[in-house]
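With the hints as extra help, turn the sequences into a complete structure.
Chains as they are written, first to last, in numbering that gives the first Met the number 0: chain H, 0 to 298; chain B, 0 to 227.
Calculated from the structure, these hints are not laboratory results.
Please note that the accuracy of each hint is not assured.
[Said to hold, decoys possible] Calculated cross-link-like contacts (lysine to aspartate or glutamate; reagent style EDC-like; alpha-carbon spacing at most 20 Å):
(1) B:K75 / H:E201
(2) B:K45 / H:E201
(3) B:K67 / H:D212
(4) B:K45 / H:D212
(5) H:K294 / B:E50
(6) B:K75 / H:D212
(7) B:K135 / H:E200
(8) H:K150 / H:D121
(9) B:K91 / B:E141
(10) H:K14 / B:E128
(11) H:K52 / H:E66
(12) H:K14 / B:D92
(13) B:K45 / H:E200
(14) H:K153 / H:E126
(15) B:K115 / B:E128
(16) B:K69 / B:D55
(17) H:K153 / H:E85
(18) B:K91 / H:E201
(19) H:K20 / B:D55
(20) B:K135 / H:E201
(21) B:K91 / H:E200
(22) B:K69 / H:D212
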Amino acid sequence: MSISTFFYTLGQGIKNLVRNKLFSLATIATISACVFLFGLFYAIVLNFQNIVKQAQAGVAVTVFFEEGTSDERIAEIGEEIKLRGEVSKVVFVSAEEAWESFKNENLGDYVDSFGDDNPLEDDANYEIYLNDVSMQNNLVDYVEKLDGVRKVHKSEVVASMLTSVNSLVGYVSMGIILILLAVSIFLISNTVALGITVRREEIAIMKLIGATDFVVRAPFVFEGLILGLVGSVLPLVAIYFIYDNIVTYLSERFALINSLLKFLTIDEIFGTLAPIALAMGVGIGFLGSFTTARKHLRV
Amino acid sequence: MIILEDVSKSYSKGAPALSKVSLHIEKGEFVFIVGDSGSGKSTLIKLLLRELYPTDGRIIVNNTDVTKLKHSRIPKYRRGIGTVFQDFRLLKDRNVYENVAFAQRVISVPSSKIRKNVPSVLSMVGLAEKYKSRPKELSGGEQQRVALARAIVNNPPILLADEPTGNLDPKNSWEIMRLLEQINYNGTTVLVVTHSREIVNTMKKRVITMKKGVIVSDQKKGGYIDEY
Chain H
0 MSISTFFYTL GQGIKNLVRN KLFSLATIAT ISACVFLFGL FYAIVLNFQN IVKQAQAGVA
60 VTVFFEEGTS DERIAEIGEE IKLRGEVSKV VFVSAEEAWE SFKNENLGDY VDSFGDDNPL
120 EDDANYEIYL NDVSMQNNLV DYVEKLDGVR KVHKSEVVAS MLTSVNSLVG YVSMGIILIL
180 LAVSIFLISN TVALGITVRR EEIAIMKLIG ATDFVVRAPF VFEGLILGLV GSVLPLVAIY
240 FIYDNIVTYL SERFALINSL LKFLTIDEIF GTLAPIALAM GVGIGFLGSF TTARKHLRV
Chain B
0 MIILEDVSKS YSKGAPALSK VSLHIEKGEF VFIVGDSGSG KSTLIKLLLR ELYPTDGRII
60 VNNTDVTKLK HSRIPKYRRG IGTVFQDFRL LKDRNVYENV AFAQRVISVP SSKIRKNVPS
120 VLSMVGLAEK YKSRPKELSG GEQQRVALAR AIVNNPPILL ADEPTGNLDP KNSWEIMRLL
180 EQINYNGTTV LVVTHSREIV NTMKKRVITM KKGVIVSDQK KGGYIDEY
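So, in structure tokens, the structure goes:
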């Protein structure tokens with residue numbers, strides 16, 4: 000396509016938009032709603048993942064050793080565990096450190112009655128921190144089979160709860176977004192089909208003159224792309240300005256939330272949200288217009 | 000230039016629109032196609048434009064076997080045929096210049112060439128002064144001249160005119176026929192479908208008469224035949 004044809008077809012696409020103002024506005028509104036909700040859920044999911052990540056940092060699997068296991072074997076076990084993909088950090092806690100920690104947390108004034116004895120002398124352990132709590136059971140199965148391992152403690156309730164809530168948020172948002180995607184594509188398709196009906200005479204002349212399928216369809220595809228682009232930029236701008244206000248409101252209104260959680264900043268979210276949302280809007284525009292133009296404009 | 004060999008076209012209902020039509024038109028000829036409504040004239044034009052596909056037979060235009068033409072090659076094939084219709088088919092929202100330039104824009108002719116070609120072809124049809132006018136500001140004859148300019152601006156070797164004077168008064172009809180004659184004089188093969196007895200009888204060109212889907216007469220310098 001030559002440069003003049005490119006600008007000509009682009010111009011025709013813009014004319015189509017103006018000609019079908021109401022349909023164009025309705026389509027932009029639907030795509031905007033779709034992208035806005037996507038952005039909203041995306042921000043929630045990202046924040047939730049951040050919360051899970053913060054929680055995961057505190058969830059550890061504890062590995063105890065069989066009596067008489069040598070220091071070399073304990074070191075080997077540590078190395079084998081570190082090689083696992085789901086493991087983020089392995090911390091060795093000696094029997095002395097375990098006893099010190101227990102004393103400080105639980106015994107208070109009664110500590111003197113134990114003298115120099117260490118009741119936890121067989122409780123040296125590894126604290127294993129995970130990248131992904133959902134992989135905890137796999138790790139536990141693996142560690143339990145290692146030579147020299149006596150017992151493995153895991154925090155199943157926290158892990159499974161965080162994982163399932165995260166999945167639930169993901170599935171619900173995915174469902175809503177898919178429905179809105181379908182509605183958006185349907186509306187773009189209708190807008191383009193209306194444009195084709197309005198320009199039927201012109202299209203017939205183009206075909207007789209010898210315009211290629213590509214040139215005949217291009218204005219309608221441009222129309223869809225512009226609708227998709229505008230429909231994704233508007234909600235992104237809205238989210239950019241609304242997000243900080245919501246976070247500030249939640250933090251001020253619910254002090255408890257603020258003490259427990261740290262929300263992501265809008266810049267952290269926009270780094271991935273903006274390109275995904277733009278691709279989504281333009282993708283919806285392209286898909287809806289291209290398929291409709293292809294269906295209605297066979298030369 | 001145009002060869003039809005035993006071409007038939009049937010629609011799903013009724014008698015065939017064309018039945019074993021054979022025809023040979025040389026390069027540079029001027030040919031009238033006449034016949035009553037339903038005689039197969041429009042079907043013939045549509046087959047030549049590859050808007051329809053023949054049920055049987057072979058059509059060769061500009062050395063291209065139209066019956067074997069791939070879908071993707073149709074646009075390029077149609078660039079070799081200019082078309083003019085009874086109802087002008089101009090774009091009402093564009094002026095004369097844009098209507099003619101449109102024919103070049105949609106086949107990706109560079110803007111510099113469009114700026115050169117359009118005024119030249121508008122001069123030829125006598126509308127250089129009215130390049131800014133919209134179709135509704137023009138008479139029927141002027142609108143048909145714009146349609147002619149659009150049909151020839153890409154220099155097609157063949158021009159098909161389907162009832163080009165059907166909506167015009169005698170004076171404008173003759174102006175259009177003189178233009179078609181001039182275009183033919185410049186080397187373009189011209190096929191004119193018409194009902195105008197006066198035009199056919201006056202111009203003394205080749206006349207192909209059709210009736211019920213078959214060619215009933217083909218005269219070299221013929222006239223309008225009423226009864227067959």
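Structure-based check of all given hints:
1. B:K75 / H:E201: Given pair K75 (chain B), E201 (chain H) holds - Cα atoms ~18 Å apart, limit 20 Å.
2. B:K45 / H:E201: 18 Å, holds
3. B:K67 / H:D212: Satisfied, since the Cα-Cα distance of roughly 19 Å is no more than 20 Å.
4. B:K45 / H:D212: 19 Å, holds
5. H:K294 / B:E50: 17 Å, holds
6. B:K75 / H:D212: 11 Å, holds
7. B:K135 / H:E200: Given that 20 Å is the threshold and the Cα spacing comes to 16 Å, the pair holds.
8. H:K150 / H:D121: 12 Å, holds
9. B:K91 / B:E141: Holds, at roughly 14 Å.
10. H:K14 / B:E128: 28 Å, violated
11. H:K52 / H:E66: 34 Å, violated
12. H:K14 / B:D92: At roughly 11 Å apart (the allowed maximum being 20 Å), D92 (chain B) and K14 (chain H) satisfy the hint.
13. B:K45 / H:E200: Holds: K45 (chain B) and E200 (chain H) sit about 17 Å apart, inside 20 Å.
14. H:K153 / H:E126: 10 Å, holds
15. B:K115 / B:E128: Since the Cα atoms of K115 (chain B) and E128 (chain B) sit roughly 15 Å apart, the hinted pair holds (cutoff 20 Å).
16. B:K69 / B:D55: 17 Å, holds
17. H:K153 / H:E85: This hinted pair holds, its Cα atoms lying about 14 Å apart.
18. B:K91 / H:E201: 10 Å, holds
19. H:K20 / B:D55: Judged against 20 Å, a Cα distance of about 47 Å means the pair is violated.
20. B:K135 / H:E201: 16 Å, holds
21. B:K91 / H:E200: Given that 20 Å is the threshold and the Cα spacing comes to 10 Å, the pair holds.
22. B:K69 / H:D212: With Cα atoms ~13 Å apart, K69 (chain B) and D212 (chain H) stay inside 20 Å; holds.
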